[in-house]
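Undergrad: Chain by chain, the residues:
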Amino acid sequence: MLPPVFGVLFDGLAYGMLLFLLSVGQSVTLGMMNFINLAHCSFAMLGGYVTIGLMHRYGVPFFATLPCAFVAGAIVSIVFERTLFRRLYRASELDQVLLTVGIVFISIGIAAYFFGTDQQPLLLPGYLRHSLTFLGTRFAVYRLILLGIALAITIILVLILEYTRFGARVRAAVDNERMARGLGINVDRTFAITFALGSGLAGLGGALAIEIVGLDPYFALTYLVYVLIVVSVGGLGSISGSFIAAIVLGISDIAGKYYIPQLGAFLIYLVMITLLMWRPLGLLGRR
Amino acid sequence: MALAEKASAPLLHLRAQARWRPAEIAFWLAALLSYALFPNYLSLASQIAIAGMFALSLDLIVGYAGIVSLGHAAFFGLGAYTAGLLSKHGWGEPLSGLAAAAGAAGIVGYATSFVICRFRHLALIMLTLGFGLLLAELANSLGWLTGGMDGLQGIHTWKLLSYFHFDLYGYTAFGYALAVLFVVYLFARRLIHSPFGLSLRGIRENFLRMPAIGAPSRSHIRTIYTIAAAIAGIAGALLTQTTETVSLDSLDLSRSADVLVMLVLGGAGRLYGGLVGAVIYLVARDQFSGIAPQYWYFWIGLLLVAVVVLLPDGILGGLAKLASRWSRS
Amino acid sequence: MSAPALAARGLAKSFGSLVAASDINIELPQGVRYALIGPNGAGKTTLINLMTGMLRPDAGRILLDDADITALPPDQRVRRGLVRTYQINSLFPHLTALESVTLAVCERSRAAQTWWRELSAYPREIEEAYAILCSLKLDSVCHRLTRELAYGQQRLLEIALALATRPKVLLLDEPAAGVPREESTELFAAIAGLSRDITVLFIEHDMELVFRFATRIIVMVGGRVLVEGTAHEIAADTRVRAVYLGRAVSKMPASAPGLLHG
Chain A
1 MLPPVFGVLF DGLAYGMLLF LLSVGQSVTL GMMNFINLAH CSFAMLGGYV
51 TIGLMHRYGV PFFATLPCAF VAGAIVSIVF ERTLFRRLYR ASELDQVLLT
101 VGIVFISIGI AAYFFGTDQQ PLLLPGYLRH SLTFLGTRFA VYRLILLGIA
151 LAITIILVLI LEYTRFGARV RAAVDNERMA RGLGINVDRT FAITFALGSG
201 LAGLGGALAI EIVGLDPYFA LTYLVYVLIV VSVGGLGSIS GSFIAAIVLG
251 ISDIAGKYYI PQLGAFLIYL VMITLLMWRP LGLLGRR
Chain B
288 MALAEKASAP LLHLRAQARW RPAEIAFWLA ALLSYALFPN YLSLASQIAI
338 AGMFALSLDL IVGYAGIVSL GHAAFFGLGA YTAGLLSKHG WGEPLSGLAA
388 AAGAAGIVGY ATSFVICRFR HLALIMLTLG FGLLLAELAN SLGWLTGGMD
438 GLQGIHTWKL LSYFHFDLYG YTAFGYALAV LFVVYLFARR LIHSPFGLSL
488 RGIRENFLRM PAIGAPSRSH IRTIYTIAAA IAGIAGALLT QTTETVSLDS
538 LDLSRSADVL VMLVLGGAGR LYGGLVGAVI YLVARDQFSG IAPQYWYFWI
588 GLLLVAVVVL LPDGILGGLA KLASRWSRS
Chain C
617 MSAPALAARG LAKSFGSLVA ASDINIELPQ GVRYALIGPN GAGKTTLINL
667 MTGMLRPDAG RILLDDADIT ALPPDQRVRR GLVRTYQINS LFPHLTALES
717 VTLAVCERSR AAQTWWRELS AYPREIEEAY AILCSLKLDS VCHRLTRELA
767 YGQQRLLEIA LALATRPKVL LLDEPAAGVP REESTELFAA IAGLSRDITV
817 LFIEHDMELV FRFATRIIVM VGGRVLVEGT AHEIAADTRV RAVYLGRAVS
867 KMPASAPGLL HG
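Chains as they are written, first to last, in my numbering: chain A, 1 to 287; chain B, 288 to 616; chain C, 617 to 878.
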């Protein structure tokens, strides 16, 4: 019989992997262009609502909606990038914060208008609602699958980054944007593609999040704080940094809620503040 | 003789910049006239004065020193709860309540300023956000002190200056809020036009150059952050004293967000930006009070996007641009 | 024999495997005008950053008037009189020229710490700032915003900001960079007009400026000091020619003040 801590660790790990999916795009794009995009979780929310809409109105099976959530996040982000964001790459931080917060508010309004303000119910197929029992600890099938998907994506990301030309361009641009341009790398196009990929992953994360944390119009704001914590603690431009920070945050949050529920999110904020003071550029940040 | 005349010309020019403009006098007269013009809206007018003061305090750090803070409501809430707790435990004298609130918020501001002054960019934004959220969580957890979700009960504000009783129509409340706002404004104005104010603008304009001219930037940032915290605390205390309630939403993230929106709407770095923004925002919110919050924020979102893209210096900035174009033609 | 105004002893700085500075030994006697030249990437700006405290050295010491300042933060070095200007203008775009220089003067005199008195209550600081602007012929534009000034005027404002701190040692990082020929006369006059109490080191690529003002030239290549000497010696040195000046410096500029200063 395993002690309950393993169950807590497993849940924390699954939650952390979800946060990683939501945050990795933000970390890389921030590291590359220093563009603060607070609307990142709006793309996640969009992915979630796409899944809900496809499943409930068109009867599309859950797993088939996941690529659609990814694509939706990617495409909408490209539209925003082309029209609004690119004007603000050189703007002040305040302007970037305000513009993207504005978009978050707009997205909340739109989501509320089309879907109402209640939590969206999600009817998963039967087998996904079971759990496996191993050594006396229950492992929810959904969370196992979530872990699997997230790990697979992480491996793919690392492979892309380390072994493809595109990945090399991304690494160069994150390391030193000016020099990358000087070397002839089309940083703007690399950024646009990375941004789309990151937003697509956020959309996927949003779809996968529904079963774990629910979906309502305020998702864009609630999880923004978590994403920002992961990104700033993990370090801008660092996939491994986000990975570690997301897992630490996920486990701390679940463990905190399980063992010391009266503290609430206090612990998370305290940890973030302490870590940032120790390492303002994040644990593995480069800038 | 000629040299002395030549030397005093730049001095006169700088002195002239600090002079009161007719538009400003008109603004304050109009505020005072609210008594006559909007007698039924005095409680709203008090809210506007308080929000304007809060926005002014934020302007000092955002518009003048260039520190983007997403957690300024922490100080507002600190001041609100200080005044509330004082009153609840038997001391309801308004002016000393304000002083206590300024002190409490100022002390916490001073302490956090040591952290704030060492960071820039995203880390700084996250730290201010983190502090704000932390304090809000703390207030929620310490229900025995703060009254938790229900807020503090049993607040009663004594007579102002032992003479003015806080009536139901809000006459005293508005006069009080407006008077305090004016005093705070005069203080902020003097600060902005002082050599220290010039330093702040230098920090905002080019942070990296400041040490190269021998400026102790961190010390300057600590000073202004403390002052801004104290003023936010006064605004919070005013809210408590005039409404005789205080609750967790005085510390809420939405309050930090609202005040930033007000400031940006009016135009940061222009002293009056926060005041103008507060007027517009709160009047609009009053007019559209029937609207559900998610739709209210939808329109605010649209407004924010429009302001950033079209009117980056806020309404006052836009007006200033129009005025200079007009005077040129 | 008085102590050198500024001395670097064994300075070294590396960024990972990139050696930006290695065993730098430099001495600037009081009141001299020296030039620091070298190809791009030689480490000249790194040296300036080390001297001003923007970078911490891996080894070595920096002495200002015989006092070890290696551990001092940048703003304290400025207070002791070690000041630099920037190769790419680092000014205050929305402050006027007068406000910018007044700011520097107020920081020096510590007037900048008072928030309870108006700026116009400090006539001495304002007049000092104005006088500096006059000496650089910027008085006519002193009320204009920095961003509206011509590029040459902005370069002069860079120097004005430095002068406002009452430097003892002035490090000028490519003062003539980007200034068109027509506007450079004022700049050269400003440099010539610098008080003899100030020790000056310029980094420059503009050889006319170097030969005109510098009595001694230090050549840096690849993070090291290659050679040091008078204008004559450097122009004649084959190593320098090969590395930096190229083959075609057979003709010296008509006025070679290396000759004048001797």
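Do not take every clue at face value.
Listing some non-contacts, in silico: residues in chain A with all C-beta distances to chain B over 12 Å [as the list claims (entries may be wrong)]:
1) H56
2) I78
3) T100
4) L151
Just some of the chain A residues that point at chain B, by a computed CB distance under 10 Å [unchecked claim]:
5) E93
6) I155
7) L221
8) I229
These are calculated hints, taken from the structure and not from any lab test.
None of these values were measured; they are calculated from a predicted model.
All residues carry an ideal CB built from backbone N, CA and C; glycine is no exception.
Undergrad: Hint by hint, say whether it matches the structure.
TA: Results for each hint:
1. H56: It holds; H56 of chain A is separated from chain B by about 21 Å at its closest Cβ, greater than 12 Å.
2. I78: holds, 18 Å
3. T100: violated, 9 Å
4. L151: L151 of chain A is indeed farther than 12 Å from all Cβ atoms of chain B, at 28 Å.
5. E93: holds, 6 Å
6. I155: violated, 28 Å
7. L221: With a closest approach of 8 Å, the L221 of chain A hint holds.
8. I229: With a minimum Cβ separation of about 7 Å from chain B (threshold 10 Å), the hint on I229 of chain A holds.
Violated hints, in rising order: 3 and 6; the structure is consistent with all others.
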